[in-house]
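Generate the whole structure from the sequences, applying the supplied hints.
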Amino acid sequence: MVKFLALAVVAVSAVAQTEIVNGTEVPIGKYPYVTGLRRTETGSSGCGASLVAPKILITAAHCSSSAWATFASIGSHYLNGTKDGERIKIVKRTVHPKYNKATRFDYDIAVFELETASSFPPSSSTGTKTSSPPRASCPDVPIYSNAACQKALSAYSYNITASMICAGGGFKDTCQGDSGGPLTVTRNGVEYLAGVTSWGIGCANPGLPGVYARISEARDFIEPFLPKPAC
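What the sequence shown shows, in mature numbering (1 follows the signal peptide of the UniProt record, and there is no 0), is residues -23 to -1, 1 to 208, in sequence order.
No lab work stands behind these hints: they were computed from the structure.
Accuracy of the hints is not assured; some may be wrong.
Claimed, not checked - Mimicking BS3-like on lysine-lysine, the simulated pairs with C-alpha atoms at most 25 angstroms apart in a straight line are: (1) LYS7 x LYS60; (2) LYS69 x LYS32; (3) LYS66 x LYS32.
See the structure below:
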């Protein structure tokens, strides 16, 4: 099973994704590692991220532009405010060295480092649909091969590269505001982070999948930031 989980806002077309479309609201506390990136502690999240170590987040490289993301809201069920979860200051942002916005978000992955460790358990992955207040949601979505994805997007002059993975394309999708949030794959009951929400053509358009940064292609970039396993 493949699913996306995130934090949302409003839909736009042919830009970085951000609002989950036709997702199911998840129970409070089910995905505590889901993170919202905020300009202020109480403000609305403009991008998503995943807590993968106590002081480490994985998000989209395009979410690091202009360093607007100052705080990480971790473990919260809501898009803004301080009702639950915790807010921790972001102290360092490292973008993948091969990130190239000019080639439509190739290697669209970044690592954000936190000032203090989160008390929530890190995990491999997590989403939201706007409501009052916005809450977390997660649709199950189909995965496309890169060849099938390239064919589906052939009417648009975008190149699907090895650093990308495609999913969705049938009334369930990420959208404007979900950028940086995780795409997960469940195997034997364990969720693994497979992708980071990057871009798409509109939102949940039939036959047009969303595009994610492929985690397996960025492993060498990510691993130096993670704690070394105990021997």
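For each hint, the structure was consulted:
For the hint linking LYS7 to LYS60, the alpha-carbon distance of about 16 angstroms falls within 25 angstroms, and the restraint holds. Note on LYS69 and LYS32: the hinted pairing holds, with a Cα-Cα distance of about 11 angstroms set against a maximum of 25 angstroms. This hinted pair checks out: LYS66 and LYS32 have alpha carbons roughly 10 angstroms apart, not beyond 25 angstroms.
Checked against the numbered hints given earlier, the structure satisfies every one of them.
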